[in-house]
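A.B. asks: Here's the letter readout for the chains.
Protein chains: 2
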Amino acid sequence: MAVHLAKGTRDFLPAQMNNRLKVIDTVRKVFLRFGFEPLETPTIERIETLTGKYGDEGEHLIFRILKRGAGAALGEVDMGLRYDLTVPLARVVAMNQGLPMPFKRYQIQPVWRAERPQKGRFREFYQCDVDTVGCESMVADAECVAVVDAALSELGFTDFTVRVNHRKILRAITEAIGEGERETMVLVAVDKLDKIGRDGVTKELLGKGVSQESLDQLWDILSVGSGWDALGALGEKLGESGQAAIAELGELRENAEAMGVNPARVTFDPTLARGLSYYTGPVFETVIHEGGVGSVSGGGRYDGLVGMFSGRNVPAVGVSLGLERIIVVMEEMGMLTSQASNTEVLVTVFSAETRSASLEAVGALRAAGVPAQVYLQKPGKLGKQFKHATKLGCTWAVTIGPDEAAAGMVQLKNLEDRTQETLTLAEAVAKVQG
Amino acid sequence: MAVHLAKGTRDFLPAQMNNRLKVIDTVRKVFLRFGFEPLETPTIERIETLTGKYGDEGEHLIFRILKRGAGAALGEVDMGLRYDLTVPLARVVAMNQGLPMPFKRYQIQPVWRAERPQKGRFREFYQCDVDTVGCESMVADAECVAVVDAALSELGFTDFTVRVNHRKILRAITEAIGEGERETMVLVAVDKLDKIGRDGVTKELLGKGVSQESLDQLWDILSVGSGWDALGALGEKLGESGQAAIAELGELRENAEAMGVNPARVTFDPTLARGLSYYTGPVFETVIHEGGVGSVSGGGRYDGLVGMFSGRNVPAVGVSLGLERIIVVMEEMGMLTSQASNTEVLVTVFSAETRSASLEAVGALRAAGVPAQVYLQKPGKLGKQFKHATKLGCTWAVTIGPDEAAAGMVQLKNLEDRTQETLTLAEAVAKVQG
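Protein sequence lines correspond, in order, to chains A and B. Going by my numbering, the first residue of the first sequence is number 16, and it counts up by one from there. Going by my numbering, the first residue of the second sequence is number 16, and it counts up by one from there.
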C-alpha cells in the first residue's frame, strides 16, 4: 500500500519539532511579557462564520467539511477549517461581550488554505498573532512594532527592518492624483515597486487607464522617498488630507522609541500597501535582511473588522509573525540546533542480572528532572550502547556492571571528554545535574 | 447576525488557556524526561489513510473534507480530519524507514470525532500520547506505566491507580470457558463488571447465549479477584495457556517498581478489557479516585498496528493521557489558578506629558523579562488605574508623575501590602525581579 501525506501538508519529526517548539516557546514568552494572553479557537467553524470574509479569492481557498448524518444533502457543507486567526477573534469578541477591554490576546495555531502547493508554501501552516482589541491609542500600535522587535531579537536576529505606513496616507495619495475611486488597483501596483521597479509600475498603471498626468503626480509625491524625514516632506505635498495620519505615525514612532525600540530598525515607507482590504490605520511589515525570505511579519490597525459579527464598532490593531518563514531562515543560518533528542544520559544495561539496577538509576535521574533513557534493545556490548548514547546526543552514560551492583555504586562516563568515575547513584545524579 | 461556535467545539479564553498550557507544559517536560521526543502530524490526512482503521462505528465519526476544483464530483471527498494519533504514527513510521529504532515519540495535538455532543464530550479535543515503536522488551511497557505515574504526580495528583491486564490473559480466559470464538462479545460484557455488577454481566451473557456452565467457569476464574496475588492464582486456574502473559506482567511489574513507581499505585485486574480491537499484550488504564471522572489514561501494546501501512511487523506500546478530563478534575479540585493574566506590573500613565516616561519604564521591565503592561485607556485617575492593575492580578504598579519625571525617578507600589517607594527605574526593575 502506497502511503502519502495529503498534498501541501508536512510531518514534523523530532529534530524539526524541537526547533519549532523552541521558536514557539520564545515567541510565547515575549508575547506574555507584553501582556498578550493566550487564546485558542476551534479548528472547525460553522461555514457561515467563514464565508464572505476573505474576498472572492479567499473564499475558494476554504476547506469545507461535508455535513454528516441522514439529513444531509449530497455535497452539503456545514463547517470549514479556520482560514486565519482574525475572523475567529472577531467571533470571540462578539460572543463574549463581558470581555475586559482592552483585550490583548495572542494566538499560535495552524490555519488551512487550499492553495496550489509550491516550494515553501503549504496548505496547513502556523500563524502567531497578537492583537489589542478596544484601544484607539497609538501606544497599542507602537506595541505591535515593539513586540515584533523584541520577538525577533530574542530569537537572535539582528538585521531586520519594520516598515510602517498608514492606510489614510495611501488614500490621500490616490485622491491627490485623482484616482480615489480606483484606490485598490493603484495601490496593488505601487506595492510592487520593490519587485518590478518604477517602469513596471508605470506600465501597469498606464495599461489600466491611469493618465500620464496622474502618474506624474504620483512619482512627484513618492519622490519624498522613505524614512522618517520623508514623512514630513510628504505632509507638505499632501496638504490637509494626510495630516491626521501623519500625526498618528509620528506618535507611533515616538511611542515605539520611548519603549526602547531601536530607531534604526523602524522606518516609514509610503509605498507599503499590504492587506488593503480591511486596514484602516497604520500598517507594518517586517523584513529580515538575512536569509532572503522577505517579509516575516505584517499587521496593522483594522477598526472595522472586529465589529463585523457584533455590529458594534471596535477598534483593533494587531501583528502576525510568520512562524514557517522564521524557522526556514533560522535553520538556514544555523540558529537552531535541529537536535532529534533532548536526552542527556543513557543508562546502559550490562546484563539481564543488572537490569533492575539500571532501571533504578534511570528512575532516579528522571525523578531529579534529568532527561534520561535506559538502553531498550537486547543488552549487548557496552561499546555499541555508548555509540547509541552518542548518537542520541547524550553527554553522559551510566553503567552498572556486576561489581558496581554488588558495591551499590555506578560508573558515570562523560561522553565528551571520555573520563569516567565510580560514584554512588546519588552522587552521579548530582553531578549530572551540574 | 447570530454568532455560534460549531457544535461540540469550544473557545479557550485566557484563564482557561493559561490552565491548559500549564498542564501541557508539565506533561511535555515529563515526556521529555522519559526520552519521548515531539512529533506533529497534519490535521488533514488523505481519506484513504483514515478509512478502514477505526471499525464501523469510528468510520462514521470521521470528518470528511470536500474535494475542491473543477474536476471534483458533487460530494466527492479526498481528505479527512485526524481521528487519533496512532494511525498517523503508523503512517510516519511507514514513510520514514530510516527512523532510528526504538522510536520514542510524544504527540500532543487535537483530534476530531463527529460524535453527538454531550456534557463533557467534544468533537475537537486534545490527546497526549507517548509510544515506543520497535521494542519488544517489557521495559518499554513499564515505562508507559512509569510515565503516567510521573506525569500525574508532577501535576499534583496523589490518589490514583494504574490497572494492568494482558490481552492474552483475556484470550486464555475466554478459551477456558469455551467462548474463544466470541471473545470480543464476552470481554465487552466483562468490562462492564464495575458498572453493572456480576448480575448484570451474567444476564447480558446469558442473553447472548453463553451457557450456564461457561458462566460458572468464568466466575470461578474471576474469583481470584484483583491485585498482584491474584495473578499467581489465575496462573493456576488457567494452566499452560496464560503462562507467557502472566510472566510478561510479572516482568512489567518488576521493571516499573525498579524504576521507582510506587507499588501501591499499580495493580493487576483481570477484568480490565479496554480497546480490544488492536491490543496484543499488556493493557493499562488509570483511574483518578478524586473528582469522579473515572479513567484519565489508557494504553497498551499493539504489535500489529504500526505495520499496517508498511507490511512489516513492528512491535509498539503506548499510553495516552486524557488532557480534557485531567483539566476538568484539576479545575474542580482547585489545582489550577485560572488566571486570566500573567502580568506582574502595570505602569500607569499620569498624564499625556509623562506618557513617554511610562513607556520607557514598561520597555525596561519587558527587556528585563518581566511581564508588564502600560495603561492603554485615556489616562484618568490613578485610583482607577490601580484598580485595573489589581483586576489584572498585578503585584506591582509603577507611577511616574511630573515630580518623578523631573527627578528621573519612579514610584513603585506593592499592590499587596500597599507600600510604596521612590526609586530609580533600574532599582524598580531589580526589585520587581526579586
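To be clear, the hints were calculated from the coordinates, so they are not data collected in a lab. There could be a bad hint or two in this list.
Identical copies go unnamed one by one, so any copy, or any two together, can satisfy a pair.
[To be verified] Listed next, the in silico SDA-like pairs over lysine to any residue satisfying Cα-Cα at most 20 Å (straight line):
no.	residue 1	residue 2
1	K82	V92
2	K393	S325
3	K396	A441
4	K402	G149
5	K393	S241
A.B. asks: For every hint, state whether the structure bears it out.
C.D. replies: Going through the hints against the structure:
1. Proximity of K82 to V92 under the C-alpha cut-off of 20 Å is found in both arrangements, the shortest distances being 5 Å within a copy and 11 Å between copies.
2. Taking the closest pair of Cα atoms, K393 and S325 never come within 20 Å of each other, the shortest separation being 64 Å inside a single copy and 24 Å across copies.
3. Proximity of K396 to A441 under the C-alpha cut-off of 20 Å is found in neither arrangement, the shortest distances being 26 Å within a copy and 58 Å between copies.
4. In this homomeric assembly, K402 and G149 come within 20 Å of each other (Cα to Cα) only across copies, at 18 Å, whereas the closest approach inside a single copy is 58 Å.
5. Neither within a single protomer nor between protomers do K393 and S241 lie at most 20 Å apart by alpha-carbon distance, with minima of 67 Å and 32 Å respectively.
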